[in-house]
Amino acid sequence: MMACLLEAPLRISVLSEVTATSRHYVDRLFDPDPQNVLQGVIDMKNAVIGNNKQKANLIVLGAVPRLLYLLQQSSSSLELRTECAVVLGSLAMGTENNIKSLVDCHIIPALLQGLLCSDLIFIEACLRCLRTVFISPVTPVQLLYTDPTVIPHLMSLLSRSRHTKEYITQIFAHCCKTPEHQTVLFNHSAIQNIAPLLISPSDKVRMQALKCFSVLAYENTQVSMTLVNVLVDGEQLSQVFVRMMQRDKPIEMQLTAAKCLTYMCRAGAIRTDDNCIILKTLPCLVRMCSKERLLEERVEGAETLAYLMEPDVELQRIASFTDHLVSMLADYFKYPSSVSAITDIKRLDHDLKHAHELRQAAFKLYASLGSNDEDIRKKITETENMMDRIVSGLSESSIKVRLAAVRCLHSLSRSVQQLRTSFHDHAVWKPLMKLLQNAPDEVLVMASSTLCNLLLEFSPSKEPILDSGVIELLCSLTQSDSPALRVNGIWALMNMAFQADQKVKVEIVRALGTEQLFRLLSDPDTNVLMKTLGLLRNLLSTRPHIDQIMSSHGKQIMQAVTLILEGEHSIEVKEQTLCILANIADGNTAKELIMTNDDMLQKIKYYMGHSNVKLQLAATFCISNLIWNEEDGSQERQDKLKDMGFVDILHKLTQASDPNLCDRAKTAMQQYLA
Amino acid sequence: MSGPSSGCGFLMSVVVHGDLALNEQEKDLNQRLRRLYPAVNEEETPLPRSWSPKDKFSYIGLSQNNLRVHYKGHGKTPKDAASVRATHPIPAACGVYYFEVKIISKGRDGYVKYMGIGLSAQGVNMNRLPGWDKHSYGYHGDDGHSFCSSGTGQPYGPTFTTGDVIGCCVNLINNTCFYTKNGHSLGIAFTDLPPNLYPTVGLQTPGEVVDANFGQHPFVFDIEDYMREWRTKIQAQIDRFPIGEREGEWQAMIQKMVASYLVHHSYCATAEVFAKSTDQAVHEELASIKNRQKIQKLVLSGRMGEAIETTQQLYPSLLELNPDLLFMLKVRQFIEMVNGTDSEVRCLGGRSPKSQDSYPGSPRLFNSPVHKVEMEVDHFSNGVSESSSNGFLNGSSTHGIDLEECDGDMVDSAQSKRQLCGGSQAAIERMIQFGRELQSMSEHLRRERGKNSANKKMLKDAFSLLAYSDPWISPVGYQLDSIRREPVCSTLNSAILETHNLPKQPPLALAVGQAAQCLSLMARTGSGSCAFASVDDYLH
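Residue numbers (this note's numbering), protein chains in the order written: chain A, 13 to 686; chain B, 155 to 694.
Calculated directly from the structure, the hints in this document are not laboratory data.
One should not assume that every hint holds.
Stated by the list, open to error - A few chain B residues that don't get close to chain A, going by computed Cβ distances all over 12 Å:
no.	residue
1	E180
2	D182
3	S206
4	N329
5	H338
6	M381
7	Q409
8	E463
9	A580
10	E597
11	R601
12	L651
13	A665
Said to hold, decoys possible - Simulated crosslink set (SDA-like; lysine to any residue; CA at most 20 Å straight-line):
no.	chain 1	residue 1	chain 2	residue 2
14	A	K346	A	R432
15	A	K391	B	P309
16	B	K387	A	R259
17	A	K652	A	M681
18	A	K390	B	A390
19	A	K303	B	A390
Said to hold, decoys possible - Here are some, though not all, of the chain A residues that point toward chain B, as calculated from beta-carbon distances under 8 Å:
no.	residue
20	L291
21	P295
22	I330
23	F333
24	T334
25	D335
26	H336
Everything numeric in this text was worked out from a predicted model, so none of it was measured.
We put the beta carbon where it would ideally sit given N, CA and C, even for glycine.
Kindly generate the complete structure, drawing on both the sequences and the hints.
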């Protein structure tokens, strides 16, 4: 009101006039004569239709609690209660603020209570209002699930009329957002109750029923597995969905049906080589990406398609040559177009709003397309300005775009060819490094994983990345709480250490610190452990490096090796550890760390007699290095090991059935003969 | 004796089976083509059904009903390329046309597998692969490139080889073409295609064999789904056709058309109410409409004698000035006599014409061949009517009950009870006498006005009815069907209207006829959208 005082007098008078009429409507709700109240509500209904200002006024003036009171009073006539529900439904059709006010007035429990009434017209009015409230983004969907009796009651009302079908399915379709919601609806027979509605004569009912299935099946194996066995009027549900994807059906219906089949396929309920996927769902989704579709549809189409083919290379191949998909996606980056800016402000606004969504969807789809096949990756990188688009996508303000761009880059980075060429030409490592400085975990996981590939020894980007201070960054990743980040950090270091200069190796050991190194060796995540052992193995290669590192960290490394060999670990972990030991045995001075450790020698002996050939091989390799003739002190070592019974074991191994093991043992034996 | 003869029988049966299979395939083909391309008039523009043995290079061999193509040249250089075209160009009225080619063999090893599938115009050199020359378009298997009237290709799709099925779809609405591989659409390959292209394949490698499917078998690609999309598009375009500022005019015009249609067909009461409620003037006097209605009812109920008489009373000079029309009416009267429905024979059969209600149905829109048969109710409720002489009365019904839904079977069961001229001897004699009069009238007409083949045929057909013991199931029995009264009725009606200087066809029928004509003109001038705008779709 203070603000109003500052306005021009005319404005005040208009406003007060409006509030006066609005107040009159509210006053009539309190009339002692019920007949007048009813007429008042009916007049109010006619006054608010399509009038947002009036709606806001009535809400401010407190009409809602009174309407709810009248609606709930059992003394109110059914007609009055129904009209109240209709007016509330009308108020809900206004702005988001209206919805918030209604929800704050506890409209939801009141209307849900109303559904217990036996009168269908009243029930429909309540449902219509509930529908409008629940489909608003400001309403917490949880409110549908607070009272456990609500869902079964809604299920029982479902088939009452065309309207109950439409409103209830629409509520379900909007309020099923978590696996818990899916389970609640599933446990109350949502599938059996909603399936018959897919062949309802009403377009709206069919559409809402279809939407229910798409939200129910999303990443839900239980629902998906049930769906494949459902028959609607004697026909399999998947065939009903296929019919809904026919090209003369509304686009929304085609798209939603394709989503249902996609989710069922990803849950393993339908095979990826089933005709309904390969010949129907996939082409339908590709069509959704075409320029003829609305921007929203293109986004959803691309995202769903990316999800559908992510795990299947055959689908990726088919999609890659269907309807020029790869070049069609290039158009996703052309919004807002230069034309829209000049000609049409509304269009520009619309384009701007969807531009980010379009770009991230395209990146996702490219990532999915290129995740396995080298030819497809080549086709993608050859698309107009593709690498530039990824590079700029990596530094966009929208996290969604950045994440999708880095996913795309990651997918393409699996190509040796691309790492050598386009990745280097476009210096993608620069924005990638920048991205790694400060980003949410999910972006970091993708970015660091991509970095791992860029650090492979044949990658020309490896050198410039090394010079950019990447080691500190990777070492800090190994301290992350996220196992995925720890793996990527240590993995990148491992790749970096492969055939690296002494300088780099020393730098890695220094930056990581032995303490952290040993912490990683006892990491609960096997992947982290494996990559850490891999790093150690790469650090301990070529003799001078081995001796140098072992002279400064030998004690700790030997301790760690002992620990792992004694612990409960997989064959792979033990094999990797024995390989490290073999590398140590290859050093000049480092050898002594093993030779003077009888306990360790006993362990090697044990593994030479192990039932697993890989472990036998690695252990034999270790011994072979220790007794190698051309090195100083080989005679003493040979003697000592002979005394310990290794020659007998080697002799036995020359009879081994595995040819590699047999060869390795023979080579070792020759050292004694020479 | 039994040995050799059974062997012979066996051989014969094999041949018969082969023929059967062939016929079966032919039937499938015709059925599929009709379903896919209902708008195509094959008398004007036949559809491609096989490769042409005449329109090919000599290195091409054809087999399996001209569906299989194999290469028999040297295949050393591009000079050895060879193509074959289908028997006919693709008619525009297809709207969307599609054919598939299956690669049976990619040819002998050691050669580059040049193989092109596509389209070419008549006269394009067949010593080339499709796509290399002007008005020639192809998708090549060795590199997956598309060739658009040029020797250099553009990257287009994947390569293809033995076992692959390649489809080629021509959209005659926007003049584009896309290919499919194993049922997957590869996207637009060519735009701005010229009209009248022929399906074409070209080979250049010894041992290459491909099979065509012009509709003989189900297609791998779901072409019908693609067609559905275009049908929806075209129909939406029609539905949304802007009439702009002329909305009021539009409505008035439609009301006028409806009113004139009602008047034309003499629905007086309806016409009167409609004219009143839409505030229109009727350009014919009510009495005149009623007169026409009366005559039409007589014709449609088969009472031709009365119809002629009434016409002569109400429009004295009409039939005098139109002897051909009178002749036609009389011939129809003769047919109705045979049928036992004409008033003259009916009296002789002992039945009062008054007991017969007039034709209860209404004249149908544009003489559409809807089979509608009314029957006497007591006949089929009792099985045998008490007046067995008139067990079946074509087009008449005592109680005016319309039994449209159950016509087929009933007609058959009633047929055995039908008798010539209702079964009365006197009526037969009258019919024969009438026939003689008709004969002399015909001779008179010929002398007066010269030969008229239509009249001659009409009379001959009518007289032929007498050559059969049961005229109703004879090859000329169709004349006895009540449906055949409708053209007679509308010709007479038009003639009456013409004498009043009113149009002999209602504007509505004219508009419908014009729309249909327009569509066939579109088909001839290459506008493919005519395929998805059938007039019939809008008449319901």
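- Could you tell me which of the hints above the structure violates, numbers in ascending order? Hints 5, 6, 14, 18 contradicted; others consistent.
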